Each structure stands twice: as structure tokens, then as C-alpha cells.
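Taken in order, these protein sequences are the chains called A and B.
Just so it is clear: in the first sequence, position 163 is 163 by our numbering, and no numbers are missing.
Just so it is clear: in the second sequence, position 106 is 106 by our numbering, and no numbers are missing.
Possibly wrong hints are sitting among the right ones.
Taking lysine-lysine pairs in the BS3-like style, the calculated list, with each CA pair at most 30 Å apart, reads [to be verified]:
1. B:K11 with A:K103
2. A:K103 with B:K97
3. A:K100 with B:K11
4. A:K100 with A:K189
5. B:K30 with A:K49
6. A:K189 with B:K97
7. B:K21 with A:K13
8. B:K84 with A:K189
9. B:K254 with A:K100
10. B:K231 with A:K100
11. B:K116 with B:K30
12. B:K97 with B:K254
13. A:K4 with B:K254
14. A:K100 with B:K152
15. B:K213 with A:K13
16. A:K103 with B:K213
17. B:K84 with B:K231
18. B:K213 with A:K148
19. B:K84 with A:K103
20. A:K103 with B:K254
21. A:K103 with A:K13
22. A:K148 with A:K13
Worth flagging that the hints you see were computed from the coordinates, not collected in a lab.
Since we're looking at a predicted model, the values are computed, not measured.
For reference, the chains in residue letters:
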Amino acid sequence: MTWKQVFTSSVGKKLVMGFTGIFLILFLIVHVGLNACIWANDGGDMFNKGAHFMGANWVPRILEIGLFLGLLLHIIQGLVLVFYNRSKRPIPYAIDYGNKGSKWYSRSMGLLGTIVLLFLILHLSNFWLPNRSHQGFLLGEEINLYQKMQEVFSELWVVIVYVAGCISLAYHLAHGFQSAFKTLGVHNKRWHVMISCIGYAFSIIVPLLFALMPLSFYFGWIS
Amino acid sequence: MEHYNMNLTLKIWRQKNKNDKGGFQSFQVKDISSEMSFLEMLDVLNEQLIHEGQDPIAFDHDCREGICGMCSLYINGKPHGEWKGNTTCQLHMRAFKDGETITIEPWRASAFPVIKDLIVDRTSFDRIIQAGGYISVNTGNAVDGNSLPINKDRADASFAAAMCIGCGACVAACKNSSAMLFLSAKVAHLALLPQGEPERHSRVMNMVAQMDKEGFGACTNTGACEATCPKEISISNIARLNLEYLTASIVAEK
Chain A
1 MTWKQVFTSS
11 VGKKLVMGFT
21 GIFLILFLIV
31 HVGLNACIWA
41 NDGGDMFNKG
51 AHFMGANWVP
61 RILEIGLFLG
71 LLLHIIQGLV
81 LVFYNRSKRP
91 IPYAIDYGNK
101 GSKWYSRSMG
111 LLGTIVLLFL
121 ILHLSNFWLP
131 NRSHQGFLLG
141 EEINLYQKMQ
151 EVFSELWVVI
161 VYVAGCISLA
171 YHLAHGFQSA
181 FKTLGVHNKR
191 WHVMISCIGY
201 AFSIIVPLLF
211 ALMPLSFYFG
221 WIS
Chain B
1 MEHYNMNLTL
11 KIWRQKNKND
21 KGGFQSFQVK
31 DISSEMSFLE
41 MLDVLNEQLI
51 HEGQDPIAFD
61 HDCREGICGM
71 CSLYINGKPH
81 GEWKGNTTCQ
91 LHMRAFKDGE
101 TITIEPWRAS
111 AFPVIKDLIV
121 DRTSFDRIIQ
131 AGGYISVNTG
141 NAVDGNSLPI
151 NKDRADASFA
161 AAMCIGCGAC
171 VAACKNSSAM
181 LFLSAKVAHL
191 ALLPQGEPER
201 HSRVMNMVAQ
211 MDKEGFGACT
221 NTGACEATCP
231 KEISISNIAR
241 LNLEYLTASI
251 VAEK
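Just chain A, with the same shape it has in the complex (with noise of 0.2 Å):
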């Protein structure tokens, strides 16, 4: 069994969806952890002074590489997966299962997904691209990125977007979260429900503070 076989049958494949998931689950509390600090009340000094530490050092510029193809694996392989998927049945039902037996956004996945990746190519456009073409895409002088924020949500469209991408990451994860896990072989039922409860608390509190910073910056509820 060479690893290719593995990772190219449909358990494979799994498992590099759940890998990586988790992977970019761990970045989500990087990240969210970064930002709160827009709301210590300081102009920004916080923020950026963790903004420079993630830009300006080599390790966490590194790790940012990594991120970019875990992230890029999570996506293709899940929209392969998707189109695979669905080849399987042809010829549809006249009635369909609907949401007797499962939730609709653990059926939603791949749409979900999509949602958040069209997201991602904005949020990255607004905030990543300017910043790193700032800095000649090495370690040059970075932008005042909270002063970018500011600029940035002060659009109604723009907040509109945040919140509807942050509500798609919140089903996306109160499925992917748990699913992930089960995906790598956690079947005791005992650490299913503690995963489970843990998903789904992390699903609304993660995505809630996301999209409570471009509503704090447009409603003007930080100085």
C-alpha cells in the first residue's frame, strides 16, 4: 500500500480534508486572538505591535507559507471531492431525504465552503495583498493595518459581506469541527461528545468575534 494508494482512495481523502481542517482550525484561534487586541482601546498600538510581530518575523512568515498550502489543499481536495461525490448519483431522486436524516449544512459543505473561500479572495484583497506588496513581499515596512481596518469597514457593503462570510465559517465549522475528528478514527463516544459540545461552542464563539470587528469599526464602538 504506497502512500499514493492512500491518499488518493476516498478514506484518503478524507483524512486530508480532516487534517488539514484541523490545521486551519488552529490557525482560526491564532488569528482571532490577534485581532481581539483592536478592541484593548488604544488606537490600534496593540494591534499592530502583534500585527508587526506576525509580518516582520521570519518564523511566523515561514508558518504563513504553510498555511497558504494547507489551505490550498483543504480547498481543491474538498471541491474534488464534492464533484466526485455527486458524479455517484446520476439520476436523482423525485423525492428527496431532505433534513430527515441530516442537518443541511453538514449536505452543504462544498456551497458553504465556496462562500468562504469568495470571502477569503476579498478579505485577503483588503488587508493581506496591500500589506505584503507594502513590504516587497519579504520584510519591508508594513502599512498601519488598523488604520486599514478603519478604512476598510467603514463600507456598509464591505461589513455586510464580513458578517454573511463569518455566518457561512459558523455552519461550515459546526459541522467540519466534529466531522474532522471522526474523520482521523475518534468513534469512543466519550470523546465524541466532548468534541462535539466543543465544536459546536467553538463554531459560534469564533465566528461571532470575527464578525464583531468590522460591526465595532462601522458602528464606532471602539476608540
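Starting from the known structure of chain A, fit chain B onto it as the hints suggest.
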């Protein structure tokens, strides 16, 4: 429960053979007893069709007591009909009301091609079993009972997985047409017992490879399979299968 008779409209999938395009055909049945089983109701319709000189509806059935796994109808949007933990043959007409329209479809999956009307070809399941769903032992005298000590919890979990009758409702219910609940029940059933230990790793590898070859989809843990399974096989078996697969891929020599 009080007995009653009902008149029904049946919308049934008709397809001459696997190359035919097929389509729905409507039938009326009268004076159906609420105490009949669903298959007996179809028997009444078929007798009616034979009397009229028409081709009767082809559907799979055998034991009619919920243990063989042959019956396989997708009734009103759910495999085996609305009742929980129940096969089509054990579904009774008291589940329906007078004047109701019932839509009956075959299992839909590319790995289960329709042979005729409501009968699908489920030999892909047989080939998955042939790929590793067994233990290799020298036959001879029967082994003494209890000569191999087995933990009671593991024996119970193994037995719960062995309840799978291989009807394919999990595939029919899954949006991905995945056979993972079936496969995981077969793998877990043997992985939990000492008799299954020697072939543990090759079994899971070969059975997953065969499942992919047969054209089933991949599992996305939605839980529709568990919700529809007539034998209420737990979805935790799928997580166990994933662990078996991951372990086997790590410890594989080559």
C-alpha cells in the same frame, strides 16, 4: 389500533431493463387493509396487473421478516419508508392514510444500477465482502465454546455491527451514495474480535479499495445512513473504520 381500509394512488418507477430510460407510472389500488404489509399491498397491485394482462412490478423481497436484506424500496423520500429501524417488508399499511399518494423509487446510486423497475443490482456489496469481509481458518471440528476469551463490551459492539443485513439503505440515503456505513459495520464486526486480528490491516485496505472500485462516493459524516438504517447500525463504526485505515496505512510494511 382500529382496522381500516384505504384507497391509494401509487407512483411507481418503471424501467424495462438497465439500458431503458424509465419513468414514473401511476396506479390506483382499492380496499387495502391497514393490517397488510407494504409488500402485500404491492402483491395485491401485481395480481391486479396480471389480471389485466400487464407486466407486474418487479421488486426485491425474500424473508419478509426483516432479516435477509433483500427488500429495498425508497418510499416517499426515505429508504424503507417512514418508520425508524424498520425494513420495507416490516412496514405496514397503517403507516398510511386513505387517499394518500405513495411514491416508490429504486435505490439510486451508480454502484447500484437498476435491473428492472424497483430491483437494483447490489452485487457490488458481495464483491466488497469478497475483498476481505471474512476470516481465514482451517475448517475441521468446531472449536469448543468460550475457548477464546472475549471482553463482553467488545463482543456486544461486534454483534451490534454484525446486525447489518447489507440491504444498501445507507447508500440509498447518503447524498454521496457512499457505502461507508455498510463497509464500516463489516470491518468493525471483525476488527473487534480476536478472530479478526490476523487479517485486520489487509482487510480494511482491500475492502476500501474495492468499495472505491465499485463506484461508491466518499463519506462526509452527514448521518443520513445511521438515521435510515433498518438495523440502527451506529455511525461510530465509520470513525472506527477510519482509525483502522489510518493505522493500517501507517504500519504497512511496503
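message = Of the numbered hints stated earlier in the document, which are not met by this structure?
response = 5, 6, 7, 9, 12, 14, 18, 20, 22
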